[in-house]
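Let chain U serve as the given structure and place chain Z on it in line with the hints.
These protein sequence lines are chains U and Z, in that order. Residue numbering for the first sequence follows the working numbering, beginning at 1 and increasing consecutively. Residue numbering for the second sequence follows the working numbering, beginning at 1 and increasing consecutively.
Any given hint could turn out to be false.
What the hints assert, rightly or not - Below, in silico cross-link-like pairs of lysine to aspartate or glutamate (DMTMM-like), each with a Cα-Cα straight-line distance of 25 Å or less: (1) Z/Lys-98 with U/Glu-53; (2) Z/Lys-56 with U/Glu-53; (3) U/Lys-36 with Z/Asp-66; (4) U/Lys-36 with U/Glu-67; (5) U/Lys-41 with Z/Glu-5; (6) Z/Lys-98 with U/Glu-44.
Stated by the list, open to error - So the derived label-pair ranges between C-beta atoms look like this: (7) Z/Thr-77 with U/Leu-99: 24 to 30 Å; (8) Z/Thr-77 with U/Thr-5: 28 to 34 Å; (9) U/Val-12 with Z/Ser-28: 41 to 47 Å; (10) Z/Leu-61 with U/His-77: 36 to 42 Å; (11) Z/Arg-80 with U/Leu-27: 42 to 48 Å; (12) Z/Glu-55 with U/Leu-27: 27 to 33 Å; (13) Z/Arg-41 with U/Thr-55: 24 to 30 Å; (14) Z/Glu-17 with U/Thr-113: 41 to 47 Å; (15) U/Leu-27 with Z/Gly-40: 34 to 40 Å; (16) U/Thr-80 with Z/Pro-8: 35 to 41 Å; (17) U/His-77 with Z/Arg-41: 38 to 44 Å.
Treat the hints as calculated values from the structure; they're not laboratory data. Heads up, the beta-carbon is just placed ideally off N, CA and C, and yes, glycines get one too.
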Amino acid sequence: ETGVTQTPRHLVMGMTNKKSLKCEQHLGHNAMYWYKQSAKKPLELMFVYNFKEQTENNSVPSRFSPECPNSSHLFLHLHTLQPEDSALYLCASSQETVLSPLHFGNGTRLTVT
Amino acid sequence: SQQGEEDPQALSIQEGENATMNCSYKTSINNLQWYRQNSGRGLVHLILIRSNEREKHSGRLRVTLDTSKKSSSLLITASRAADTASYFCATVFQGAQKLVFGQGTRLTINP
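In isolation and in its complexed conformation, chain U is listed as follows (with noise of 0.2 Å):
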């Protein structure tokens, strides 16, 4: 076990809908993070929550919409996705900034069709 849940763990949606993914840590760190992974790329940083705050948005499309109600909870709201955005979504957390090891959840295996 992580410390770091994320569900769910497959999900299969169509363009038009609307989804939410949901990551909780229970590790009392401060800052969280949405990572997408896709096939043959590295590590795409989506976006940086510190202490609740967001400190960083990678440039990602509007079609990504994060939330981050508490420092143990983050979620990403997807809705009109492209296939191209099918990936494995990742949430990690840290006690500090990247200056301090992350540890991630198990990701949920996005598929768009």
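Chain Z alone, transformed into the frame defined by chain U:
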């Protein structure tokens, strides 16, 4: 691109042998981290080495950092089948607040 680059992209060795993976980067860093990812799972942090450190050990893992050459290596000694995974280096560049990952080395340990 600022990301680290791992070398080789894939490595296949016999159980019991040592595995060495390398990472190169282009600009000055605050720290460099190594992670492991088993298929379909999240990444697991292995070792963090700071820019003023040259070598760190953790069990069968040994990481070196050469800032003059802008490179790092991860050595796994006495490999086991369970070490089969992808290994990523990730760097925090000076002045940045982002951890940038390389594309990884796919390591296969053959029994």
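A quick look at each hint next to the structure:
Under the criterion of a C-alpha separation no larger than 25 Å, the hint pairing Z/Lys-98 with U/Glu-53 is consistent with the structure, at around 15 Å. Distance check on the hinted pair: Z/Lys-56 and U/Glu-53 sit about 34 Å apart at the alpha-carbon level, beyond 25 Å; violated. Taking the CA atoms of U/Lys-36 and Z/Asp-66, the gap is near 30 Å; set against the 25 Å cutoff, the hint is violated. For the given pair, U/Lys-36 sits about 16 Å from U/Glu-67 by alpha-carbon distance, which is consistent with the 25 Å threshold.
Annotation: proposed proximity of U/Lys-41 to Z/Glu-5 holds, straight-line Cα distance about 12 Å (limit 25 Å). With a CA separation close to 11 Å, the supplied pair Z/Lys-98 and U/Glu-44 stays within the 25 Å bound. About 28 Å separates the C-beta atoms of Z/Thr-77 and U/Leu-99, a value consistent with the hinted range of 24 to 30 Å. One distance hint, 28 to 34 Å for the beta-carbon pair Z/Thr-77 and U/Thr-5, holds here, with the actual separation near 33 Å.
Separated by about 43 Å at the C-beta atoms, U/Val-12 and Z/Ser-28 satisfy the suggested range of 41 to 47 Å. Distance hint for Z/Leu-61 and U/His-77: a CB-CB separation of about 38 Å, consistent with the stated range 36 to 42 Å. For Z/Arg-80 and U/Leu-27, the hinted distance range of 42 to 48 Å is not satisfied, since their beta carbons lie about 28 Å from each other. A hinted range of 27 to 33 Å holds for the C-beta pair Z/Glu-55 and U/Leu-27, which are about 28 Å apart.
Roughly 27 Å separates the CB atoms of Z/Arg-41 and U/Thr-55, a value that falls within the hinted 24 to 30 Å. Look at Z/Glu-17 against U/Thr-113: about 43 Å separates their beta carbons, and that is inside 41 to 47 Å. Range check, U/Leu-27 to Z/Gly-40: about 22 Å between beta-carbon atoms, so the 34 to 40 Å window is missed. The supplied range of 35 to 41 Å is met by U/Thr-80 and Z/Pro-8, whose beta-carbon atoms lie about 40 Å from each other.
Separated by about 24 Å at the C-beta atoms, U/His-77 and Z/Arg-41 break the suggested range of 38 to 44 Å.
The structure is inconsistent with the numbered hints 2, 3, 11, 15 and 17, although it conforms to all the rest.
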